[in-house]
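The lines below spell out each chain.
Protein chains: 4
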Amino acid sequence: MIIVMKRYATQDDIQNVIDKIREMGYDYQISYGGENTLIFVIGSEKELGKEKFIFLKNVDNVIQVAKPYKLASREFKSDNTIIDVNGIKIGGEEVLIIAGPCSIESEEQLMLSAEIVKNSGIKFLRGGAFKPRTSPYSFQGLGESGLRLLAKAREKTGLNIVTEVMDTSEVNLVAEYADILQVGARNMQNTKLLQMLGKINKPVLLKRSFSATLNEFLLSAEYILSSGNENVILCERGIRTFVEYTRNTLDLNIVPAIKQISHLPIIVDPSHGTGKSDYVIPMSRAAIAAGADGLLVEIHPNPANASSDGEQSLTPESLIRLMSEVKGIASSVGRKIL
Amino acid sequence: MIIVMKRYATQDDIQNVIDKIREMGYDYQISYGGENTLIFVIGSEKELGKEKFIFLKNVDNVIQVAKPYKLASREFKSDNTIIDVNGIKIGGEEVLIIAGPCSIESEEQLMLSAEIVKNSGIKFLRGGAFKPRTSPYSFQGLGESGLRLLAKAREKTGLNIVTEVMDTSEVNLVAEYADILQVGARNMQNTKLLQMLGKINKPVLLKRSFSATLNEFLLSAEYILSSGNENVILCERGIRTFVEYTRNTLDLNIVPAIKQISHLPIIVDPSHGTGKSDYVIPMSRAAIAAGADGLLVEIHPNPANASSDGEQSLTPESLIRLMSEVKGIASSVGRKIL
Amino acid sequence: MIIVMKRYATQDDIQNVIDKIREMGYDYQISYGGENTLIFVIGSEKELGKEKFIFLKNVDNVIQVAKPYKLASREFKSDNTIIDVNGIKIGGEEVLIIAGPCSIESEEQLMLSAEIVKNSGIKFLRGGAFKPRTSPYSFQGLGESGLRLLAKAREKTGLNIVTEVMDTSEVNLVAEYADILQVGARNMQNTKLLQMLGKINKPVLLKRSFSATLNEFLLSAEYILSSGNENVILCERGIRTFVEYTRNTLDLNIVPAIKQISHLPIIVDPSHGTGKSDYVIPMSRAAIAAGADGLLVEIHPNPANASSDGEQSLTPESLIRLMSEVKGIASSVGRKIL
Amino acid sequence: MIIVMKRYATQDDIQNVIDKIREMGYDYQISYGGENTLIFVIGSEKELGKEKFIFLKNVDNVIQVAKPYKLASREFKSDNTIIDVNGIKIGGEEVLIIAGPCSIESEEQLMLSAEIVKNSGIKFLRGGAFKPRTSPYSFQGLGESGLRLLAKAREKTGLNIVTEVMDTSEVNLVAEYADILQVGARNMQNTKLLQMLGKINKPVLLKRSFSATLNEFLLSAEYILSSGNENVILCERGIRTFVEYTRNTLDLNIVPAIKQISHLPIIVDPSHGTGKSDYVIPMSRAAIAAGADGLLVEIHPNPANASSDGEQSLTPESLIRLMSEVKGIASSVGRKIL
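Which chain is which? The protein sequence lines are A, B, C and D, in order.
The first sequence lines up with residues 1 to 338 when you count with the working numbering.
The second sequence lines up with residues 339 to 676 when you count with the working numbering.
The third sequence lines up with residues 677 to 1014 when you count with the working numbering.
The fourth sequence lines up with residues 1015 to 1352 when you count with the working numbering.
One thing to keep in mind: the hints can contain errors.
As the list claims (entries may be wrong) - Listed below are the simulated DSS-like cross-link pairs for lysine-lysine, each with C-alpha atoms no more than 27 Å apart in a straight line:
id : chain 1 : residue 1 : chain 2 : residue 2
1  : C       : Lys726    : D       : Lys1350
2  : A       : Lys46     : B       : Lys614
3  : C       : Lys1003   : A       : Lys336
4  : B       : Lys665    : B       : Lys461
5  : C       : Lys733    : D       : Lys1290
6  : B       : Lys415    : C       : Lys682
7  : A       : Lys50     : D       : Lys1020
8  : B       : Lys614    : D       : Lys1081
9  : C       : Lys743    : A       : Lys276
10 : A       : Lys57     : B       : Lys614
11 : C       : Lys952    : D       : Lys1020
12 : B       : Lys614    : A       : Lys67
13 : A       : Lys77     : D       : Lys1060
14 : D       : Lys1064   : C       : Lys952
15 : A       : Lys123    : A       : Lys67
16 : B       : Lys665    : D       : Lys1350
17 : D       : Lys1290   : C       : Lys682
18 : B       : Lys415    : D       : Lys1290
Since the hints were made in silico from the structure, they are not lab data.
Since the structure is predicted, the reported quantities are computational estimates derived from the model, not experimental observations.
Between the sequences and the hints, there should be enough to build the whole structure, so can you do that?
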């Protein structure tokens, strides 16, 4: 930890900081030569605490340099994490595609969707049974009966199932049905939920919240990792900015940033990220070109009749086009489609 | 709902939209005179659904004009909601002040804080027992034993208690101890939690999330209201922007906006909103001047030793200064301090 | 233009709006059936003016549906604009690459850079002679002598020259030397400069400002177009958001958005957009995959000694890698590198 | 400057950094004790340059601690700058109010506005002759004939004149007519304009751009100060965020931040800051309560007929209410209205 003194700090002000450091039992080094006097405190930043020094007289700033996450960091584990779901490897050479409807609406709609997904060569089906909706008057999902429909779709098609869990009281229930449990953007900092997901033995797909910094995103992953579950897949799904032509601003820059800093796989959701079906295919190509490990896309047999998010869902025909275009990009970056 | 056609839409494109409206059983009106042809569909926007029309050929946009919230709206209830907590009125002429430490750390720290709060003439004590922290390695709060300390502080000082609830599994427990239950910014869209809080008979203090629009904020309140609890206090606590000199950007503009649109009381948290104790007093004055119904401020007997958020906590001396300065502002806007 | 009445607006309030419309000499249509009464005013929105109606009693909102730009719109010109620079076509099948140093520092540095650019198969050299720097104490560019060095580099290598113009007083001077004149993000709304650039006969590369919406960006292009210059190339270079791992947030979503709405070519600057040389190659791949018409990248013979923006400049070796990787992506989206 | 090594940096990596520092002729200190090895380079950060070190192997980060502005800083000049305009003091005990129409539309409109302003007890009239409009099709101002009308208004009423300058070619012209020259948000980083304004002997009112950080804002002021003009008045006028209920997000937090860091006066423009006349009075009260040195507000004899920004202009009646309410707040913070 580095304590930056104000330019006009006196020798007494500096001594005051030093006394505090000694009182706490730590060692320090001091550097007088620059524009501001700097005092390095030697010890764990977590234990030291910024607030111990920021109030002292003529302290300008307290800089913490250690990264706050550990298990999620590439400094902790240099090799990419590869997650195995029923024999399929996520985070390796192959690109993961997950597709399906935003909400499960009926058996017919889900089965039709599952067929479309399977026929496009995709191995993972998504579908929401518990839905976190902005308005209490919007469709809130079919709940447990939706989960049973997902199980039926898996049985029929062999697809793996990805579905959202919203509350600690539902973790065990959802874990019975899902192959991958999804945490939505609104729950990225629901720390009780994250801790409980750290105790199950199924992979967790953790979506970035609308306003999460990279540090906050990795610290949410760290909640799961440090509770005992190593299988976390990160998912970029758009951040909140002033921009008006997309529902959110899909931030692909986080893909190379995560790849540099963390060993965890990261996939991209261009459906929520843009909110417009017209932009899903170009931004899917861009995501894979940027180095993403996969895509999460919304499809619907008939988007105009969807109970939620129809505006951003692909038609069956567009899904076929997506797969063909993404295959080209994947191969030009040395990967293939799962 | 208004369907805006592209400028070069043909008569066939328009007919196509009309056919869809009729097929759904709705009436419409059409306006040809402007730069774009407009088609107005007569009926509830919620039932109509934007996605039914946005995909039709040469539709440029679908505009929904109805406000998505009802119970939270001043159109529904024109008089200000006044909430009674043990005989004290919130949302009326008097300005509510809630003060206390971010986290409850020990009996001594809480009792000392409670004395400071009481001696400043304040009637509400805040203190966190369950803490939603960004990092799993940060202090997570004392949990239930923290709640018991709050009860003890109430017994000793007569102060009313405000404390956070983070998970559905803790609602009943927290409701036993608190006079007002707080929902933190990270849980503003934890819809299961909101629904459960709609079923208790204690007021809920709902903090705005980092990236919530006004619509989203009021829709979260609507979850509580529509589940049966009318006593919701809104709280602005800073939004996420590019700005670097404050931890968050305290957005006081929402105060007159809420006052215009909703009947619910709104208070301001300048401690989290700015993240710097030096800015808490000026921004508290500004909040009351803007028309806020109260303040939520963090204090600590010794901020330099706080377990969390010490950097933004007021000292006992600053709290006295705050109260004195805020009283002047309150009286110049025709209010008084509770 | 659509006037939305408040739900509780009376018949008198509505009549009041109608009287105003008639007084102004316009026709209208009224729709009573929905949750809010709507009044369509028939006529040009530009002439009508939102402020005429927003103050009338119980008017909730005034919605303008016409797009504010015309010449920049695909509704005005459906075919892509192809710009010819000395026989090279921009905006067509071929992808434009512009590379060079942020600032021109010396003859040696510029000639070395020009060789590197030429040897990578690139046909456009960028280099700043007039530099808009955040601090008055930063290097402000070589000015006119920098322009002369650019001319020398062109003579020696045959490369086309792209350089920035910052002030109306320098437009003619820069136009003498440049093949494409660049307007920087900070000047995107310098309307006097835009108008003067509309009067020259060289293409203009218009960079998006840090906080420009799509409407504002296209309206700045419209200033140039409506002043008589049809050759405008748009450039995305990152927007300002809360994100901390990139210097700006490169917003690739604008690429498909512009392609849908406008006929103008759009290129991407991943160097300023991310501010980190490590992210330039992945984000360049992503830009082309998203459908961008080209790239603007910063290179330096020795980035560690650059006078400005060294942190985001590519080395000569990385430029070769960039070209090879981008070629693969371009071919998989049916394009080739210029 | 502090160089932070990665945790797994080797002794060779550290030696490599040291060699570079020595080669550049600087001294250093090294601290091994913390989680990351830190190397402090002793010397001016401006000369050192971050890019010299960021590319070296296993360097994690390079931290610069010196503030980039000097003349604008309170460390350079601890007393508040008081600016004298024809005997009136700005930045002292008295609060400055500037009011007037957004655009000068006609002699009648301006004279009427001037009367309203004068009759409210205000001493400064604003009015735009050169207007930076987003669209080329919007009213661009009366230009020089507008300036002559301002001179006439001054002659008639004795009011001081504040008006905008947009381009270097107009600085001398505008300086002939104005008592204070305004730089608009869109030109905050038009560095050629700022440098020229540093050479005149009239005060400059510098508006914060939509996306300026505090550092950028003060560095723009520094351009003027370092060119020789000490009389700079800062103006907060709203930043760009995701928020939808105001045109911009008026960021009052910058008021205490500037007061702490700089000696320059800062005023607030709630008209552009909120974009809604209903919010101007509450946010004006809040601005003064937060410690602002003044207000810049838009008024119009008849806002519904304004050529620009009618939606945010106060009526003559509201201006009287504003003055009365702001007087109360000013007196409760120990100031009075100018």
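Handout entry: Holds or violated: Lys952(C) to Lys1020(D), with C-alpha atoms at most 27 Å apart
Key = holds, 17 Å
Handout entry: Restraint check for Lys614(B) with Lys67(A), where alpha carbons must lie at most 27 Å apart
Key = holds, 22 Å
Handout entry: Restraint check for Lys50(A) with Lys1020(D), where alpha carbons must lie at most 27 Å apart
Key = This hinted pair holds, its Cα atoms lying about 21 Å apart.
Practice task
Quickly compare the C-alpha distance for Lys726(C) and Lys1350(D) to 27 Å and report which way the hint goes.
Solution key: violated, 37 Å
Problem - Pair hint Lys77(A) and Lys1060(D), alpha-carbon separation not exceeding 27 Å - result: violated, 37 Å
Problem - Restraint check for Lys665(B) with Lys1350(D), where alpha carbons must lie at most 27 Å apart - result: holds, 18 Å
Practice task
Could you grab the alpha-carbon distance between Lys614(B) and Lys1081(D) and see if it respects the 27 Å cut-off?
Solution key: Roughly 19 Å between the alpha carbons, so the hint for Lys614(B) and Lys1081(D) holds.
Handout entry: Pair hint outcome, Lys46(A) versus Lys614(B) [Cα-Cα no greater than 27 Å]
Key = Given pair Lys46(A), Lys614(B) holds - Cα atoms ~20 Å apart, limit 27 Å.
Problem - 27 Å limit on alpha-carbon distance, applied to hinted pair Lys123(A) and Lys67(A) - result: Cα-Cα ~36 Å, so violated.
Practice task
Measure nothing beyond the straight line between the CA atoms of Lys743(C) and Lys276(A); if it is 27 Å or shorter, mark the hint as holding.
Solution key: Cα-Cα ~19 Å, so holds.
Exercise for the section: With a cut-off of 27 Å on the C-alpha distance, tell me whether Lys1003(C) and Lys336(A) pass. Expected result: holds, 18 Å
Handout entry: Pair hint Lys415(B) and Lys1290(D), alpha-carbon separation not exceeding 27 Å
Key = holds, 23 Å
Of the numbered hints stated above, those contradicted by the structure are hints 1, 13, 15, listed in ascending order.
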